[in-house]
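Chains as they are written, first to last, in my numbering: chain A, 10 to 242; chain B, 10 to 242; chain C, 10 to 242; chain D, 10 to 242; chain E, 10 to 242.
Treat the hints with care, as some may be off.
Stated by the list, open to error - Listed next, with one range per pair, are the computed distances between beta-carbon atoms: (1) B/GLY164 x E/HIS159: 28 to 34 Å; (2) B/ASP36 x D/THR173: 57 to 63 Å; (3) E/ILE162 x C/PRO143: 46 to 52 Å; (4) B/PRO34 x A/ASP36: 16 to 22 Å; (5) C/PRO225 x D/GLU205: 56 to 62 Å; (6) E/ILE162 x A/GLY163: 28 to 34 Å; (7) C/GLU165 x B/SER210: 31 to 37 Å; (8) D/THR173 x C/PRO143: 21 to 27 Å; (9) A/ARG81 x C/THR173: 49 to 55 Å; (10) B/THR126 x A/GLN80: 29 to 35 Å; (11) D/GLU213 x B/GLU158: 33 to 39 Å; (12) C/THR216 x A/ALA53: 31 to 37 Å.
Said to hold, decoys possible - On the chain C side, residues computed to face chain E include the following (Cβ under 8 Å): (13) GLU102; (14) PRO104; (15) LEU108; (16) ARG123; (17) ILE125; (18) PRO127; (19) PHE128; (20) TYR132; (21) ILE179.
To be verified - The calculated SDA-like cross-link candidates involving lysine to any residue, where the alpha carbons are at most 20 Å apart (straight line), are: (22) B/LYS140 x C/THR216; (23) A/LYS140 x A/ASP181; (24) C/LYS140 x E/SER210; (25) E/LYS140 x D/VAL141; (26) B/LYS140 x A/VAL139; (27) D/LYS140 x D/SER210; (28) B/LYS140 x A/TRP144; (29) E/LYS140 x E/GLU158.
Quick caveat, the hints were computed from the structure, so don't treat them as lab data. Here the structure is a predicted model, which means the values were calculated and not measured. Glycine residues also receive a C-beta, built at the ideal position from the N, C-alpha and C atoms.
Each chain, letter by letter, is given below.
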Amino acid sequence: MSVVVSGQYVAYSFYRVRPEWRQLPVDEREAGKDAFADVLEENAPRFDTLNVYSTTGVRPDSDFFLWKITQRYADLGELGAALNGTPLAGYLETPFSYLATTRASQYTSARRARRITPFGSPYLVVYPFVKVRPWYALPEADRQRAMDEHIRIGGEHPSIHNHTTYSFGIDDQEFMTAFECDEPADFMHLMLTLRETEASSYTERDTPIFVGQLLPARAALDRLDGVAAGVEA
Amino acid sequence: MSVVVSGQYVAYSFYRVRPEWRQLPVDEREAGKDAFADVLEENAPRFDTLNVYSTTGVRPDSDFFLWKITQRYADLGELGAALNGTPLAGYLETPFSYLATTRASQYTSARRARRITPFGSPYLVVYPFVKVRPWYALPEADRQRAMDEHIRIGGEHPSIHNHTTYSFGIDDQEFMTAFECDEPADFMHLMLTLRETEASSYTERDTPIFVGQLLPARAALDRLDGVAAGVEA
Amino acid sequence: MSVVVSGQYVAYSFYRVRPEWRQLPVDEREAGKDAFADVLEENAPRFDTLNVYSTTGVRPDSDFFLWKITQRYADLGELGAALNGTPLAGYLETPFSYLATTRASQYTSARRARRITPFGSPYLVVYPFVKVRPWYALPEADRQRAMDEHIRIGGEHPSIHNHTTYSFGIDDQEFMTAFECDEPADFMHLMLTLRETEASSYTERDTPIFVGQLLPARAALDRLDGVAAGVEA
Amino acid sequence: MSVVVSGQYVAYSFYRVRPEWRQLPVDEREAGKDAFADVLEENAPRFDTLNVYSTTGVRPDSDFFLWKITQRYADLGELGAALNGTPLAGYLETPFSYLATTRASQYTSARRARRITPFGSPYLVVYPFVKVRPWYALPEADRQRAMDEHIRIGGEHPSIHNHTTYSFGIDDQEFMTAFECDEPADFMHLMLTLRETEASSYTERDTPIFVGQLLPARAALDRLDGVAAGVEA
Amino acid sequence: MSVVVSGQYVAYSFYRVRPEWRQLPVDEREAGKDAFADVLEENAPRFDTLNVYSTTGVRPDSDFFLWKITQRYADLGELGAALNGTPLAGYLETPFSYLATTRASQYTSARRARRITPFGSPYLVVYPFVKVRPWYALPEADRQRAMDEHIRIGGEHPSIHNHTTYSFGIDDQEFMTAFECDEPADFMHLMLTLRETEASSYTERDTPIFVGQLLPARAALDRLDGVAAGVEA
Numbered sequence: 010m011s012v013v014v015s016g017q018y019v020a021y022s023f024y025r026v027r028p029e030w031r032q033l034p035v036d037e038r039e040a041g042k043d044a045f046a047d048v049l050e051e052n053a054p055r056f057d058t059l060n061v062y063s064t065t066g067v068r069p070d071s072d073f074f075l076w077k078i079t080q081r082y083a084d085l086g087e088l089g090a091a092l093n094g095t096p097l098a099g100y101l102e103t104p105f106s107y108l109a110t111t112r113a114s115q116y117t118s119a120r121r122a123r124r125i126t127p128f129g130s131p132y133l134v135v136y137p138f139v140k141v142r143p144w145y146a147l148p149e150a151d152r153q154r155a156m157d158e159h160i161r162i163g164g165e166h167p168s169i170h171n172h173t174t175y176s177f178g179i180d181d182q183e184f185m186t187a188f189e190c191d192e193p194a195d196f197m198h199l200m201l202t203l204r205e206t207e208a209s210s211y212t213e214r215d216t217p218i219f220v221g222q223l224l225p226a227r228a229a230l231d232r233l234d235g236v237a238a239g240v241e242a
Numbered sequence: 010m011s012v013v014v015s016g017q018y019v020a021y022s023f024y025r026v027r028p029e030w031r032q033l034p035v036d037e038r039e040a041g042k043d044a045f046a047d048v049l050e051e052n053a054p055r056f057d058t059l060n061v062y063s064t065t066g067v068r069p070d071s072d073f074f075l076w077k078i079t080q081r082y083a084d085l086g087e088l089g090a091a092l093n094g095t096p097l098a099g100y101l102e103t104p105f106s107y108l109a110t111t112r113a114s115q116y117t118s119a120r121r122a123r124r125i126t127p128f129g130s131p132y133l134v135v136y137p138f139v140k141v142r143p144w145y146a147l148p149e150a151d152r153q154r155a156m157d158e159h160i161r162i163g164g165e166h167p168s169i170h171n172h173t174t175y176s177f178g179i180d181d182q183e184f185m186t187a188f189e190c191d192e193p194a195d196f197m198h199l200m201l202t203l204r205e206t207e208a209s210s211y212t213e214r215d216t217p218i219f220v221g222q223l224l225p226a227r228a229a230l231d232r233l234d235g236v237a238a239g240v241e242a
Numbered sequence: 010m011s012v013v014v015s016g017q018y019v020a021y022s023f024y025r026v027r028p029e030w031r032q033l034p035v036d037e038r039e040a041g042k043d044a045f046a047d048v049l050e051e052n053a054p055r056f057d058t059l060n061v062y063s064t065t066g067v068r069p070d071s072d073f074f075l076w077k078i079t080q081r082y083a084d085l086g087e088l089g090a091a092l093n094g095t096p097l098a099g100y101l102e103t104p105f106s107y108l109a110t111t112r113a114s115q116y117t118s119a120r121r122a123r124r125i126t127p128f129g130s131p132y133l134v135v136y137p138f139v140k141v142r143p144w145y146a147l148p149e150a151d152r153q154r155a156m157d158e159h160i161r162i163g164g165e166h167p168s169i170h171n172h173t174t175y176s177f178g179i180d181d182q183e184f185m186t187a188f189e190c191d192e193p194a195d196f197m198h199l200m201l202t203l204r205e206t207e208a209s210s211y212t213e214r215d216t217p218i219f220v221g222q223l224l225p226a227r228a229a230l231d232r233l234d235g236v237a238a239g240v241e242a
Numbered sequence: 010m011s012v013v014v015s016g017q018y019v020a021y022s023f024y025r026v027r028p029e030w031r032q033l034p035v036d037e038r039e040a041g042k043d044a045f046a047d048v049l050e051e052n053a054p055r056f057d058t059l060n061v062y063s064t065t066g067v068r069p070d071s072d073f074f075l076w077k078i079t080q081r082y083a084d085l086g087e088l089g090a091a092l093n094g095t096p097l098a099g100y101l102e103t104p105f106s107y108l109a110t111t112r113a114s115q116y117t118s119a120r121r122a123r124r125i126t127p128f129g130s131p132y133l134v135v136y137p138f139v140k141v142r143p144w145y146a147l148p149e150a151d152r153q154r155a156m157d158e159h160i161r162i163g164g165e166h167p168s169i170h171n172h173t174t175y176s177f178g179i180d181d182q183e184f185m186t187a188f189e190c191d192e193p194a195d196f197m198h199l200m201l202t203l204r205e206t207e208a209s210s211y212t213e214r215d216t217p218i219f220v221g222q223l224l225p226a227r228a229a230l231d232r233l234d235g236v237a238a239g240v241e242a
Numbered sequence: 010m011s012v013v014v015s016g017q018y019v020a021y022s023f024y025r026v027r028p029e030w031r032q033l034p035v036d037e038r039e040a041g042k043d044a045f046a047d048v049l050e051e052n053a054p055r056f057d058t059l060n061v062y063s064t065t066g067v068r069p070d071s072d073f074f075l076w077k078i079t080q081r082y083a084d085l086g087e088l089g090a091a092l093n094g095t096p097l098a099g100y101l102e103t104p105f106s107y108l109a110t111t112r113a114s115q116y117t118s119a120r121r122a123r124r125i126t127p128f129g130s131p132y133l134v135v136y137p138f139v140k141v142r143p144w145y146a147l148p149e150a151d152r153q154r155a156m157d158e159h160i161r162i163g164g165e166h167p168s169i170h171n172h173t174t175y176s177f178g179i180d181d182q183e184f185m186t187a188f189e190c191d192e193p194a195d196f197m198h199l200m201l202t203l204r205e206t207e208a209s210s211y212t213e214r215d216t217p218i219f220v221g222q223l224l225p226a227r228a229a230l231d232r233l234d235g236v237a238a239g240v241e242a
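This is chain A alone, in the form it adopts within the complex (with noise of 0.2 Å):
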């Protein structure tokens, strides 16, 4: 009984380099970055959307991320295989990695699972999500109309674009939230605005949060080491 017509998996996966990494010849650097950005040139046509942000010089955590969007699930395995398979892979970290997937929204008039479609904006906001249990409990109109507060105030900031997902039970988040913007400052506004709603009274958890700016995957690579920073600033 499978209820997901045409749904997506959607999935976050972050990355590390390891500090030794640097210390190798620039030349065994350049081949690292330039296979791992072959390996997802030649996966992207398998899946709907697959960019690559990055938070040098802003996470302590991570140095860039891939937001993976797919109709298959089998592709994020064969993906992290492939990128295992790459000689970067043998210096990298992943510290945190998220999955999700789509369906019909709850709160807005759509009957099918939302298709999630990247607008490319410059900066990507995405953090897991989690309701404290009893707003599960309130009953639907509550609920509903604590979300359309949301929404409201969410709709008066037409340049920032909200891509909401589901992992329930397929991750350790409710939700994954992700926000296109073109300046993080931006979004600072929208959030702290939002603190003073109901819905937002209900929140467990919303932390990690990442600002990731997307970049080609190679300029994102280059990052890690600064080798063609001078160039691209």
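Model the placement of chains B, C, D and E on the given structure of chain A, informed by the hints.
This is chains B, C, D and E only, laid out in the frame that chain A set:
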């Protein structure tokens, strides 16, 4: 005074290969995977079940896990020692391991410890589970009613098979909850529905949640370095 | 003003060998295990008990642990230093270590610190224990009644032997709870029953829970690299 | 719709050198410190502030941190990449990093985002801050009254300068609280007094707390291996 | 406006040697211990107290710690840098470090910051301490009454010496609680009694708890590799 008659020990052991293993020559890696798979094959006859599930590309903290079911506790230690004797063990971390045992359920009419027999579904979702203490102070009838609702909803998803076992006092969780399913998104929908039940409000902890893909041992190990990934895709 | 008369220090030290130790030549590994076992044998006469329990194949975070009982605190530091002098110590981590001491129980009629004397059962279940603070504000009669129930249920499982000791102020837990038993599943059934008692509702923390298998020192160490695993099976 | 006009990004990045770096020959260490200090010097003109604070000998988890203030988000990633290109980066961990931005305070009469301009005091105390959610449900007048008390007490300590910024939605904390002071003990007395205020009772988290000593970049780096420690003392 | 007159900074720094240090030739280890002990000896005159306590064989996460008392904050950084310059520092981790300062107690009639002067007892029990926020909302008379009870019970254990200091705002805890005693079991009995007091019910956190054995620097370092363990026993 042993009250378990023909009960089973049910354990889940998670493995992560250190990134530096991927720097080894390919034949060393092949030999390591061969020896590990051989030990599993040799030990399988002593176990009721000895399945391998891959988490490559999905979980950040593990690459694969074993589902081990046996009537003899010592089998767990002896298998662990034998795996420690393989070359791969010089590079393996064990980020998680969970121990449980079977008993007759309080909430169904079964009078004997249920025998855990996997269906061989393509995916296994497994997580440790702890209820808040007030749950145990509820009258038995209340707990029965709450569990009846849970069981009824589960029954509406016949492709999802529940294999819950008991860890009280022998591991850090109270239960090990395990569900076989045909597609991870199906399980998300079941869990989303269960989140609104009364029993769900007594949850203290139900993470980490692992989605494993059932694979032959060697295929799961090949995902560690992507060597055969192109072939199996 | 020393109020302990012929009391005992009771400590549990957990060890995990780093995976790279398994990459050493077998004779180096043998020498390391020999030296470690020799130090234990030489120091055993100064301790009331110096037992070795294996957790190989079951716990993710340790391979074996020592149950150390002595009337002289300095023995703990001196044994630790002597073990640090063995070649195995160049590869050992100590993920957990717990310190406790004996005293006369408040809840039985004993007037002297109970002397801890292991029965030598095949399994030892041990975990740190903390009660919620309101427990300590209950009238003594209420606590006595709650503990009486605990003790009565324990008495119905004569094959399970309790060796609880006190850690207030000398380690991070309040108690070290230790139970010897013949079979881990038996202990699960006792704990499942106790979960419904009044005293249980005052539990703040009772993890991690370790199940150790009593083995001769050398046999427990052999499980680190599986060298003699085939023989002992 | 960007609501920040000439706002600033304010970030704190913490570094810890791996112990094995200290095993390198002294001239390799000198070259690593030189290159790291050079990158800071070259990038400083693009930042409003780029200060270095030492935590050597005080914090267990970091050796020094950067206080980075800029109007251009991309500067953070580019500086991170450039530092990744230095030899020291082959041995550096980044245990913490915090991101914030400026805005007009709700609780003062300022109408524009306050511009953060450090005084150059010898010490900086900085910590991430999260309020409990009920704070945000208080009427605005109540919050104003509570903050007035905070601000009044702060005003009685004129040698302590507050530089609080906003992290809602762009990092794991709500605020980054930063105070410049002449002597760490002075700040302890201020905080002890604030602990009794009404606003303080709404604190969810205010740790880790870092006390940094402002030093020239090269002097802070020299504390990593004590090479010039005798000279500066 | 400095309100501390002749106050002291009181810090505790914990060290753990990496296991691989134990693989070094014995003369390299000796030289490392010599240099570390020499730096302590050279710096001792600048400190009011610079004691070394061993935790070998007892704590899982540290081998020894320093109790550092000085009137000059910069001494902490300079000692840290000098220790970083010794060969042992290439293998040392610092799992914990705590910073505090003295002030006049609110709860005794003292009007000046109490000067911390260790008695030189054989054992030091030290832990970070945080009270729940409602404590600070209690009327001063209630807090005084609760602390009077604490002080009275402490007074009944004259062999135990309390050296509590203040960390508000300069480290993650509120207080550093330190007790010198003649025997760890004595301190357990005091803490067991205090657990039933009113003040105890306002405890938010009082772990980790460390029991250190006062030793000459070189003897504490010798416990790292057990070289002189046989001699000192």
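The hints, checked one at a time:
1. B/GLY164 x E/HIS159: 28 to 34 Å: violated (58 Å)
2. B/ASP36 x D/THR173: 57 to 63 Å: Holds, at about 59 Å.
3. E/ILE162 x C/PRO143: 46 to 52 Å: Given a distance of about 20 Å, which is not inside 46 to 52 Å, the answer is violated.
4. B/PRO34 x A/ASP36: 16 to 22 Å: Roughly 20 Å apart at Cβ, these two residues keep to the hinted range, so it holds.
5. C/PRO225 x D/GLU205: 56 to 62 Å: Given a distance of about 60 Å, which is inside 56 to 62 Å, the answer is holds.
6. E/ILE162 x A/GLY163: 28 to 34 Å: With Cβ atoms ~57 Å apart, the hint is violated.
7. C/GLU165 x B/SER210: 31 to 37 Å: Given about 33 Å between the Cβ atoms, the range holds.
8. D/THR173 x C/PRO143: 21 to 27 Å: violated (37 Å)
9. A/ARG81 x C/THR173: 49 to 55 Å: holds (54 Å)
10. B/THR126 x A/GLN80: 29 to 35 Å: With a Cβ separation near 32 Å, B/THR126 and A/GLN80 satisfy 29 to 35 Å, so the hint holds.
11. D/GLU213 x B/GLU158: 33 to 39 Å: holds (34 Å)
12. C/THR216 x A/ALA53: 31 to 37 Å: violated (44 Å)
13. GLU102: holds (7 Å)
14. PRO104: Holds, because the Cβ-Cβ distance from C/PRO104 to chain E comes to roughly 6 Å (cut-off 8 Å).
15. LEU108: With a minimum Cβ separation of about 6 Å from chain E (threshold 8 Å), the hint on C/LEU108 holds.
16. ARG123: violated (14 Å)
17. ILE125: Violated, because the Cβ-Cβ distance from C/ILE125 to chain E comes to roughly 14 Å (cut-off 8 Å).
18. PRO127: violated (20 Å)
19. PHE128: Violated: closest Cβ of chain E sits about 24 Å from C/PHE128, beyond 8 Å.
20. TYR132: violated (22 Å)
21. ILE179: Holds: closest Cβ of chain E sits about 5 Å from C/ILE179, inside 8 Å.
22. B/LYS140 x C/THR216: Holds, because 14 Å separates the two Cα atoms, which is no more than 20 Å.
23. A/LYS140 x A/ASP181: Between A/LYS140 and A/ASP181 the Cα gap is close to 12 Å, so the pair holds against 20 Å.
24. C/LYS140 x E/SER210: holds (12 Å)
25. E/LYS140 x D/VAL141: holds (17 Å)
26. B/LYS140 x A/VAL139: Given that 20 Å is the threshold and the Cα spacing comes to 17 Å, the pair holds.
27. D/LYS140 x D/SER210: With a Cα-Cα distance of about 9 Å, the restraint between D/LYS140 and D/SER210 holds, given a limit of 20 Å.
28. B/LYS140 x A/TRP144: holds (18 Å)
29. E/LYS140 x E/GLU158: Status holds; Cα separation ~17 Å.
Of the numbered hints given earlier, the model fails hints 1, 3, 6, 8, 12, 16, 17, 18, 19, 20; all others are met.
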